[in-house]
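Enquirer: Line by line, the protein sequences are chains A and B.
If you count the first sequence from 1, position 153 lands on 153 in our numbering, and the numbers rise without skipping.
If you count the second sequence from 1, position 59 lands on 1059 in our numbering, and the numbers rise without skipping.
Careful, some of the hints might be misleading.
[As the list claims (entries may be wrong)] Taking beta-carbon pairs under 10 Å as the criterion, some of the chain A residues facing chain B (in silico):
(1) I278
(2) P280
(3) T337
[Stated by the list, open to error] Have a look at the derived ranges for each label pair, beta carbon to beta carbon:
(4) L1028/B - T100/A: 22 to 32 Å
(5) Q247/A - E1261/B: 19 to 29 Å
(6) K332/A - N1050/B: 23 to 33 Å
(7) K281/A - L1108/B: 34 to 44 Å
(8) K131/A - V1134/B: 22 to 32 Å
(9) K126/A - P1063/B: 15 to 25 Å
(10) K322/A - E1237/B: 22 to 32 Å
(11) K131/A - D1006/B: 47 to 57 Å
(12) L1026/B - R358/A: 24 to 34 Å
(13) L1108/B - K298/A: 40 to 50 Å
(14) L1026/B - Q247/A: 51 to 61 Å
(15) I1023/B - Q247/A: 44 to 54 Å
(16) K1029/B - R358/A: 51 to 61 Å
(17) G1102/B - I81/A: 52 to 62 Å
[Unchecked claim] Residues of chain B placed beyond 12 Å of chain A at every Cβ, according to the derived structure:
(18) H1020
(19) V1112
(20) E1113
(21) N1135
(22) K1141
(23) G1255
(24) F1265
(25) E1284
(26) L1297
What the hints contain is simulated information worked out from the structure, not anything from laboratory work.
Glycine included, C-beta positions come from ideal geometry on N, C-alpha and C.
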Amino acid sequence: MKYIDEYRKKDLILSVAEKLKAISKREIVLMEVCGGHTMAIQRFGLPSLLPSTIRLISGPGCPVCVSSQHFIDTAMAYSKIPGVIITTYGDLIRVPGSTTSLEKERANGSDIRIIYSVLEAIEIAKNNPEKNIIFLGIGFETTAPLTAAAILEAQKNNITNFFVLSAHKVMPPVMKALVEEGVKIDGFIAPGHVTAITGTAIYNELASVCGLGVVVAGFEPVDMIQAILMLTMQIESSTPKVEIQYQRVVHNDGNKIAQQILNDVFELRDDQWRGLGIIPKSGLKIREELSSYDAEKKFQVEVPESTEPKGCICGQILRGLKTPVDCGLFGKKCTPTDPVGACMVSGEGTCATYYKYRS
Amino acid sequence: MKMKEDKIMLGHGSGGRMMHNLIADLFLKHFSNSILNEQTDAAVLQIGSNEIAFTTDSFVIDPLFFPGGNIGKLAVCGTVNDLAVSGAEPIYISVSFILEEGFSMNELEVIVESLAAEAKKAGVIIVTGDTKVVNKGKCDKVFINTAGIGRMKAENRQICKAMNIKPGDVIIVNGTIGDHGMAVMNARESFNFKTTVESDCASLNHLILEVLDKSPVKFMRDPTRGGVATVLNELAEKIQLGIEIEESALPLNGGVKAMCELLGFDPLHIANEGKVLIVANENEATNILNVLQNNELGLQSAIIGRVVSDHPGRVVLKNETGGRRIVDSLAGDQLPRIC
Chain A
1 MKYIDEYRKK DLILSVAEKL KAISKREIVL MEVCGGHTMA IQRFGLPSLL PSTIRLISGP
61 GCPVCVSSQH FIDTAMAYSK IPGVIITTYG DLIRVPGSTT SLEKERANGS DIRIIYSVLE
121 AIEIAKNNPE KNIIFLGIGF ETTAPLTAAA ILEAQKNNIT NFFVLSAHKV MPPVMKALVE
181 EGVKIDGFIA PGHVTAITGT AIYNELASVC GLGVVVAGFE PVDMIQAILM LTMQIESSTP
241 KVEIQYQRVV HNDGNKIAQQ ILNDVFELRD DQWRGLGIIP KSGLKIREEL SSYDAEKKFQ
301 VEVPESTEPK GCICGQILRG LKTPVDCGLF GKKCTPTDPV GACMVSGEGT CATYYKYRS
Chain B
1001 MKMKEDKIML GHGSGGRMMH NLIADLFLKH FSNSILNEQT DAAVLQIGSN EIAFTTDSFV
1061 IDPLFFPGGN IGKLAVCGTV NDLAVSGAEP IYISVSFILE EGFSMNELEV IVESLAAEAK
1121 KAGVIIVTGD TKVVNKGKCD KVFINTAGIG RMKAENRQIC KAMNIKPGDV IIVNGTIGDH
1181 GMAVMNARES FNFKTTVESD CASLNHLILE VLDKSPVKFM RDPTRGGVAT VLNELAEKIQ
1241 LGIEIEESAL PLNGGVKAMC ELLGFDPLHI ANEGKVLIVA NENEATNILN VLQNNELGLQ
1301 SAIIGRVVSD HPGRVVLKNE TGGRRIVDSL AGDQLPRIC
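Next comes chain B alone, as it looks inside the complex (with noise of 0.2 Å):
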């Protein structure tokens, strides 16, 4: 193995560059196939003579609480939408508890109250699960990995695959970028911001499924941890083509880009959990915001970038002074400037 550290770094989770090649050095290299291969949000499976996505995820958040959501909403969220922005549509769930010694009965039920009420909206139905109780310091509260199956339409399969994407296709984002992430630390560090940012955290599988109905999409992808950057950078490599975004078409809750302009972080790497970034040729651009605008997942969407010849392999942000940068992958973790 050429790992480059010999130990785990909380970097290697954080969904940025050093996750990347974690997955590329130890887990591919081992398990290989030309599913997991493709690296996708979603594997798509051929059972019989139909197609199934499959997904998994695991939910470690701290804190549970959080404005916006808790720990129970975002497992359903974040796995409806692993499947939704692969082009299927969500059916079942599964939810598995890992809880730590001396955890607040009444907490609990509060996370799985909420688990129960987003599995509600989403359409989704939770059939099977597990549960594992660690000695209390052993895991942080509580831990929850889910798996979910959506039944995959064959004109949505190319969808995860990025392909035929050309110079000229449009970027779009249903919304603000950075809520999630920035609501979290909020609740998490000790700043005492007095904001009213709040997670994004929701299930997009509805309108997802709404846009597809109207309109042919190339790409799609939840920008979750590593934000936007991440998900445009590895699309950009992928594609072989750059991806130049503008500045200023970037929805961003006030707070969000206070909190970021004072602890010195860029949004296009703080992560969201009810965001989907729509790649499609701009013919249908109208279109599919239309559809989008119409929604209240989708009120602020908007065209934040295109796909272009120049650059191949490169995300870079115009911004209105004429500046240009290049947007990378998030390295490692995000870390607070000093001054």
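Next comes chain A alone, as it looks inside the complex (with noise of 0.2 Å):
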């Protein structure tokens, strides 16, 4: 199949491998923000591809793991609200809040369903004047700009009863906070898809500042492991910089078109994550001129303060501090059929990654 073959070539795949085992010297820690990467990694079991001097760790880049748990409790309190349909990308269903989940909940009558695209929401909206729908907006810069687009599509068409909880977060802070907490990393694989939208500029100041490398990388094993050996050059020789691994999508300035519904929409704010805590900036908010459409400011419920759950290590390990084999919890009380955190949940959840891949 055109565009994933070619990018799935072993005897690529192994000749760079070779490659790198030829200049990596220095023991270094890469960390592959992008839960897509995680799975990517795992998937094609690249990890015996590297040599023993290259430490691959996961960060935060998965939307379902790092919504917090206060976001999926009000979720939770909307789906009660009567005449209320709640409608969210499929991930978040099974995430356990405080007290129960979205699929508990749809099982005890709520109207949760699950959507594959945000214009899905509207068009549930158009049919059904008399509900309130509710969309449940999470993800990074990758799915933020088609949640904007729906808010500016229900503004055009007069739709008065769609709403948007936002969760959306952007990347770079998270990042940031990484590095200035001590998480030792010395370099990123950034994420693709994100920075299809964002571009790179956003990087600069990790490369020139924080002196560590970034390669953007795409989501095949030639990707990923060309974006490796692209990082450890970089690191090898000590000139950290940012490139793009990933240039049949991304280019240096972005989707400009996205970059400015997003703008049009959304405005930065100070953001819960799971497991870090709140990171000043990194959180996207529905703009005052479209509080209209802003769940949170239509809807007032009473939501209980939230429980991380007990011996869950989802925070540390989405830092990149420990593994999900850390975790007491991990493939005994926490599996896919029954999670405890979130990173059990998502398909590119690390720990559900580690889960799958265990072999």
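Join these two chains into a complex; the hints should help.
Expert: Okay, here's the thing in structure tokens:
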């Protein structure tokens, strides 16, 4: 299949791996920020191809995993309001809140619908004028422009029963926060699809001030191993910079139209990340002038103080400090069928990935 | 009862581990007997000096019509295949309808015609049935329940028991996987993928009997809900041996592959309705493949993996790049990824 098969060629992967072995001298730690990268690395068995000098750690780039317990609990509270239809991407439905999950609330009679595009939520709003449709907006700069476009679409069509509960987040502040917190990282494998929107300037400070290599990577095994090679070359030659491996999709300037839409609809706010606490200017809030689409403004709900599940170390895993196998619950009390923490729910969560690929 | 959930959730019907737990912790707990406890696709019953296979199935598919079939055709194929993979020759089936008030008579007729046509093709006779109508909103258009009876030959009696499976045995599938699930999903959701993916919905009894006539087979199962992964996991657990599959050997339709890549699905978890997994001695592989590949329902048949002594109870997928991953049963419902 075009754009897939040529990036999964065994010979090519092995030849890059050979090069990597030849040049890698220093012991380095590379963080793949994006959950999609974590999954690709495990799926294609890349760790077994890397020299022992290179260690990969997973970062906070799985949208479901970093969404705070408070967000999940708020969504649950909304789902119990009569006349509300909750629309959500599928991954969220099984994330355990403090007491229950959306999946369980659906079984209890709440109207919760899995959608594949936020524009479906607009359709549902059109077809159900007597109901209030709340979309649970999660994800980074990749999915946030779609939510923004939906809000603008609702405005254009005078749809007044569509609302967004935004937990959208942006990537650069959390990457910087990890470095400032002292997590040992020599370079970032930067998220390809986020950068396709934002462009590469968001990483300049990491390279110029923090002295870290940043390579924007695609999601196929050839992409991943080439990005690791590029980072290793930067580190070995002590020339940290921002480079794009994923050139077939990512450009330095990013997607200007998406950036504009994002900026028209959202503004930055301090935001809560699961396990990481509040990170300044890391979340996206709907702008005041569009607040009639902001679920938080429209619906007042009492959400009890959220409790993180006991024994769950999702927070430390999201910071790259621990791996799932360090967790006492992993694979025992916490499995994909019966997840304790969010990282076990999403297909791109570090725990779910480790569980699936733990052979 | 030590069920974890206090309400039924959709995942309990997905064919994966949640359903497995529901059956084990509730149904088997109360219904337990030596025949049911075998948990095979069809029960094998001794009546006088004859052995028969007996199965039942229900169809609640949405949408009712999809590329490659409809609920009527599916009802026959599903029932016939449950008997056929048990090594039986399907003979009689029953068909019961639960109809929603207001459902289109024309559509019902199309469904009934398909049912009749597929029954004729499969060589089974519809001998009894039942009709119920419920108030509008109390069911979703049409639900169909079936039962099927087949004749069991003594030499095929062991097939559903998965006995004598040894390391080195091969696992064969009769063609591309995941077609049914993706065709239905594409018809149901508003993806607007321009794809030619069609359900593989087909009655496999003639094909399977042909295989059984020529070669001994150690085990067969149709990988419906929960997909190939779930069947192989149940098998690995039962025989306490490992199963290793080769990713590059899996027959995959390009459209299914592309949809799975886009949506983040694993084709091994996607439902099939015209596929059979066959476990046989390596020496029989060529014979079996010959029979399969000469039938229009088996043109793309392939050996997809082997039984191994490593990792007992687990299914492991090897990819071309040297990656190995555990293939689990489907946990609950398959969820699309978000980005």
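Enquirer: Please go over all the hints and tell whether each is borne out by the structure.
Expert: Cross-check of the supplied hints:
| no. | hint | in the structure |
| --- | --- | --- |
| 1 | I278 | violated, 23 Å |
| 2 | P280 | violated, 24 Å |
| 3 | T337 | holds, 4 Å |
| 4 | L1028/B - T100/A: 22 to 32 Å | holds, 28 Å |
| 5 | Q247/A - E1261/B: 19 to 29 Å | holds, 20 Å |
| 6 | K332/A - N1050/B: 23 to 33 Å | violated, 48 Å |
| 7 | K281/A - L1108/B: 34 to 44 Å | violated, 60 Å |
| 8 | K131/A - V1134/B: 22 to 32 Å | holds, 25 Å |
| 9 | K126/A - P1063/B: 15 to 25 Å | holds, 21 Å |
| 10 | K322/A - E1237/B: 22 to 32 Å | holds, 31 Å |
| 11 | K131/A - D1006/B: 47 to 57 Å | violated, 27 Å |
| 12 | L1026/B - R358/A: 24 to 34 Å | holds, 30 Å |
| 13 | L1108/B - K298/A: 40 to 50 Å | holds, 44 Å |
| 14 | L1026/B - Q247/A: 51 to 61 Å | holds, 55 Å |
| 15 | I1023/B - Q247/A: 44 to 54 Å | holds, 51 Å |
| 16 | K1029/B - R358/A: 51 to 61 Å | violated, 31 Å |
| 17 | G1102/B - I81/A: 52 to 62 Å | violated, 30 Å |
| 18 | H1020 | violated, 10 Å |
| 19 | V1112 | holds, 31 Å |
| 20 | E1113 | holds, 32 Å |
| 21 | N1135 | holds, 19 Å |
| 22 | K1141 | holds, 19 Å |
| 23 | G1255 | violated, 10 Å |
| 24 | F1265 | violated, 9 Å |
| 25 | E1284 | holds, 28 Å |
| 26 | L1297 | holds, 25 Å |
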